[in-house]
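Asks: Sequence:
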Amino acid sequence: MATLVQLLEVYTPPGEERRLERTWFRVCGDLGYAKVWRDEVGNYFAMVGEGEKTTMLVGHVDTVPGELRVKVSGGRVYGRGAVDAKGPLSAMLLAGSMVSDKLKNSRLVVAGLVDEEGMGAGAKKLVEEKIRADSIVVGEPTGTYGIAVSYRGSISVRVMASAKGGHASAPYIAESAIEKVLNLWRMVSQEFGGKRYEEVTSALTMIHAGDWISRIPDTAEGSINIRFPHPYTSKEILAKLDEFAESSGCVIKIVDITEPVVASVNNKAARALQRSMLKLSLKPRIVKKTGTSDMNTLVAVTEDIAACGPGDSTLAHTDAESIDINDVLTAARIYSEFVKEMDSG
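For the sequence shown, this note's numbering gives the first residue as 811, with consecutive numbering after it.
Please note that the accuracy of each hint is not assured.
[As the list claims (entries may be wrong)] Okay, derived cross-link-like pairs now, DSBU-like style, lysine-lysine, Cα gap no bigger than 35 angstroms in a straight line:
| id | residue 1 | residue 2 |
| --- | --- | --- |
| 1 | Lys974 | Lys1045 |
| 2 | Lys1063 | Lys1099 |
| 3 | Lys863 | Lys1050 |
| 4 | Lys863 | Lys1078 |
| 5 | Lys881 | Lys1063 |
| 6 | Lys1005 | Lys863 |
| 7 | Lys940 | Lys845 |
| 8 | Lys1005 | Lys845 |
| 9 | Lys1050 | Lys914 |
| 10 | Lys912 | Lys1005 |
| 11 | Lys1098 | Lys881 |
| 12 | Lys974 | Lys1098 |
| 13 | Lys1045 | Lys1078 |
| 14 | Lys1078 | Lys912 |
| 15 | Lys914 | Lys1098 |
| 16 | Lys1099 | Lys974 |
| 17 | Lys1050 | Lys1089 |
| 18 | Lys914 | Lys1005 |
| 19 | Lys863 | Lys974 |
| 20 | Lys863 | Lys1063 |
| 21 | Lys914 | Lys974 |
| 22 | Lys1063 | Lys912 |
| 23 | Lys881 | Lys863 |
| 24 | Lys881 | Lys1050 |
| 25 | Lys1078 | Lys1063 |
| 26 | Lys1099 | Lys940 |
| 27 | Lys863 | Lys845 |
| 28 | Lys912 | Lys1099 |
| 29 | Lys1089 | Lys1063 |
| 30 | Lys912 | Lys940 |
| 31 | Lys1050 | Lys912 |
| 32 | Lys974 | Lys845 |
| 33 | Lys1089 | Lys940 |
| 34 | Lys1099 | Lys1078 |
| 35 | Lys881 | Lys1045 |
| 36 | Lys1089 | Lys914 |
| 37 | Lys914 | Lys934 |
What the hints contain is simulated information worked out from the structure, not anything from laboratory work. Every value quoted in this text rests on a predicted model; they were computed, and no experiment measured them.
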């Protein structure tokens, strides 16, 4: 598990992915990759094979903020990004090493993209450059045997409010900016209070207001994230947000919008992943993910796309983030069978 440990030992929150450069080149060199490079936005790549067809295994190298101590204990590897998503990425790198001398008709590109936990700049760069790929597997935690064909969309907004403020001893003649933000949030949470994949959900993720215990704040700011499945669209949700903002006296600024993605369960990548698992006597299952990933963006490159990877997604972004070593090794075998399948297909 040296590959995963080395990746985890370099803390890479969004914007600081360059820290990994030396480690990426060293790890890929040790694994026998013929070509290793980094593009202008910071995405990392490693390639084997020289055929005309291109198969891509795509992970991301950034993690949410919050560094954790890296350790190996009880058959598990602990550290920020172990699940989301350096665990899947390390399995992809291992898979490429396993098939490097077996590819006859294709080339494999393993990519570690940047800013997946931010605005998705890494994936958006690949779309802008019109890269060509015949099939893509996105490395996200799906419990190893899960094959994700859909992800919900995401809208992130900042909410800002101003008011005259006042003294806490006379709130009846004062005006509170924080109450304006909370009033807007109450409307959002009532409208978008879903509890399952098929429903629109919302979360108040940050709020900043006030500077003294006896002073009613005259400014306040919050952040809200909304997740929505197909067939909902960002346009209809933003219309509701504008309505709530006007009603509550707040101003909304859009931070990021990602539309939902639904790929066919019969696309080439999904089918090849299923066959690869069956060859290994594993039981594949089709899953829908409540989150959002680079798959939402990369579907513009090819419709033959799916997400699959080791790890328990409920541990992602938590202080207990860890992954089973055997799951990573199993995922590497799945990925290698997938790549061979695409090479011969």
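Asks: Now tell me, hint by hint, if it's right for this structure.
Replies: Evaluated hints:
A distance of roughly 33 angstroms separates the Cα atoms of Lys974 and Lys1045; the hinted pair therefore holds under the 35 angstroms criterion. The suggested pairing of Lys1063 with Lys1099 holds, with an alpha-carbon distance near 27 angstroms, which does not exceed 35 angstroms. As the CA atoms of Lys863 and Lys1050 are separated by approximately 45 angstroms, the hinted pair breaks the 35 angstroms bound. Using a Cα cut-off of 35 angstroms, the hinted pair Lys863 and Lys1078 holds, with the two alpha carbons roughly 13 angstroms apart.
Pair hint Lys881 plus Lys1063 does not hold up; C-alpha atoms about 40 angstroms apart against a cutoff of 35 angstroms. Between the alpha carbons of Lys1005 and Lys863 the distance comes to roughly 42 angstroms, so the proposed pair goes past 35 angstroms and is violated. Restraint check for Lys940 and Lys845: satisfied, since their Cα atoms lie roughly 20 angstroms apart, inside the 35 angstroms limit. A hinted pair counts as satisfied when its Cα atoms are at most 35 angstroms apart, and Lys1005 with Lys845 does not qualify at roughly 45 angstroms.
Taken as a hint, the Lys1050 and Lys914 pair is broken in the structure, with Cα atoms around 53 angstroms apart against an allowance of 35 angstroms. A distance of roughly 46 angstroms separates the Cα atoms of Lys912 and Lys1005; the hinted pair therefore is violated under the 35 angstroms criterion. A distance of roughly 31 angstroms separates the Cα atoms of Lys1098 and Lys881; the hinted pair therefore holds under the 35 angstroms criterion. For the proposed pair Lys974 and Lys1098, the alpha carbon gap of about 46 angstroms is over 35 angstroms, so the pair is violated.
For the hint linking Lys1045 to Lys1078, the alpha-carbon distance of about 31 angstroms falls within 35 angstroms, and the restraint holds. The suggested pairing of Lys1078 with Lys912 holds, with an alpha-carbon distance near 20 angstroms, which does not exceed 35 angstroms. Restraint check: the Cα-Cα separation between Lys914 and Lys1098 comes to about 34 angstroms, which is no more than 35 angstroms; the hinted pair holds. Restraint check for Lys1099 and Lys974: the C-alpha separation of about 43 angstroms exceeds 35 angstroms, so the hint is violated.
Annotation: proposed proximity of Lys1050 to Lys1089 is violated, straight-line Cα distance about 48 angstroms (limit 35 angstroms). A C-alpha spacing of about 47 angstroms is found between Lys914 and Lys1005, which places the hinted pair above 35 angstroms, so the restraint is violated. Between the alpha carbons of Lys863 and Lys974 the distance comes to roughly 63 angstroms, so the proposed pair goes past 35 angstroms and is violated. Distance hint between Lys863 and Lys1063 is unfulfilled; the C-alpha atoms sit about 42 angstroms from each other, more than 35 angstroms.
Between the alpha carbons of Lys914 and Lys974 the distance comes to roughly 71 angstroms, so the proposed pair goes past 35 angstroms and is violated. A distance of roughly 51 angstroms separates the Cα atoms of Lys1063 and Lys912; the hinted pair therefore is violated under the 35 angstroms criterion. For the suggested pair Lys881 and Lys863, the alpha carbons sit about 39 angstroms apart, so the restraint of at most 35 angstroms is broken. The suggested pairing of Lys881 with Lys1050 is violated, with an alpha-carbon distance near 46 angstroms, which exceeds 35 angstroms.
For the suggested pair Lys1078 and Lys1063, the alpha carbons sit about 39 angstroms apart, so the restraint of at most 35 angstroms is broken. For the hint linking Lys1099 to Lys940, the alpha-carbon distance of about 26 angstroms falls within 35 angstroms, and the restraint holds. For the given pair, Lys863 sits about 16 angstroms from Lys845 by alpha-carbon distance, which is consistent with the 35 angstroms threshold. Between Lys912 and Lys1099 the alpha-carbon distance is near 33 angstroms, which keeps this suggested pair within the 35 angstroms criterion.
Of the pairs offered as hints, the one joining Lys1089 and Lys1063 is violated, with about 50 angstroms between alpha carbons and a cut-off of 35 angstroms exceeded. A distance of roughly 28 angstroms separates the Cα atoms of Lys912 and Lys940; the hinted pair therefore holds under the 35 angstroms criterion. Under the criterion of a C-alpha separation no larger than 35 angstroms, the hint pairing Lys1050 with Lys912 is inconsistent with the structure, at around 54 angstroms. About 61 angstroms separates the Cα atoms of Lys974 and Lys845, which puts this hinted pair outside 35 angstroms; it is violated.
Our distance criterion of 35 angstroms between C-alpha atoms is met by Lys1089 and Lys940, whose separation comes to about 33 angstroms. A distance of roughly 19 angstroms separates the Cα atoms of Lys1099 and Lys1078; the hinted pair therefore holds under the 35 angstroms criterion. Taking the CA atoms of Lys881 and Lys1045, the gap is about 45 angstroms. The hint is violated against a cut of 35 angstroms. For a cut-off of 35 angstroms, the pair hint linking Lys1089 to Lys914 stands: about 20 angstroms separates their Cα positions.
A distance of roughly 30 angstroms separates the Cα atoms of Lys914 and Lys934; the hinted pair therefore holds under the 35 angstroms criterion.
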